[in-house]
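Asks: With this note's numbering applied, the sequence shown covers 5 to 158.
Worth flagging that the hints you see were computed from the coordinates, not collected in a lab. Here a beta-carbon is modelled for each residue, glycine too, at the ideal position from N, C-alpha and C. Check before you lean on any hint, since a few could be wrong.
[Stated by the list, open to error] Label pairs and their computed distance ranges (CB to CB): (1) His148 to Ile69: 24 to 34 Å; (2) Leu90 to Met122: 33 to 43 Å; (3) Trp62 to Glu147: 33 to 43 Å; (4) Ala68 to Trp141: 16 to 26 Å; (5) Asn55 to Arg143: 36 to 46 Å; (6) Asn55 to Gly115: 12 to 22 Å; (7) Gly137 to Gly109: 27 to 37 Å; (8) Trp141 to Leu110: 21 to 31 Å; (9) Trp53 to Pro118: 32 to 42 Å; (10) His148 to Trp62: 16 to 26 Å; (11) Gly137 to Ser111: 33 to 43 Å; (12) Ser111 to Ile64: 25 to 35 Å; (13) Val130 to Ala61: 39 to 49 Å; (14) Gly109 to Arg143: 16 to 26 Å.
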Amino acid sequence: MVAVILTWALFSVLLVAAAIFSVWRARVGEGVAAGFVGGVGAWLLSLGWGNHTHYAAWQIAVAAIAIVALTAAVAWRVPRTGAGALGAATGPTLGFGFAWSVQAGLSDSTGMWPVGLMLLNTGLVVGLGVVVGLVFWARRRTEHGNSASPAGLR
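Work out the full structure: start from the sequences and follow the hints.
Replies: What follows is the structure, given as structure tokens:
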């Protein structure tokens, strides 16, 4: 059992790392796709195993850290436009929500999992929208700081 959990965790970490790496080399369209894959990986890494009715606090913390890091990487790479902001938050939201909904849909006996999915996606869009806004703000400050410095000091 421990070997299965460790293999699952290693696979999930590699999936998130591969998504962040591909985001780093991409732009908006590829950022959405890589964000989707990373969102699935973040869910697998943190919440995709164990008891699906009561998550441990550390599982929620790992999920939050992974999805915020992924979204920040996407937001740092995409253009600072409306499409870039939308893409930076959309990919991870869709990936995480998709992975969660597959598990919830297969295990829910009440039929209420779509309500949970709507609530999850609302929280992700709002929270990751704040992350994208903060990253765009930091990028703007960094770019303005670099453009004002002398060429020899860059």
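Asks: For which of the previously enumerated hints does the structure constitute a violation, in increasing order of number?
Replies: Failing hints, ascending: 2, 8, 9, 10, 12, 13 and 14.
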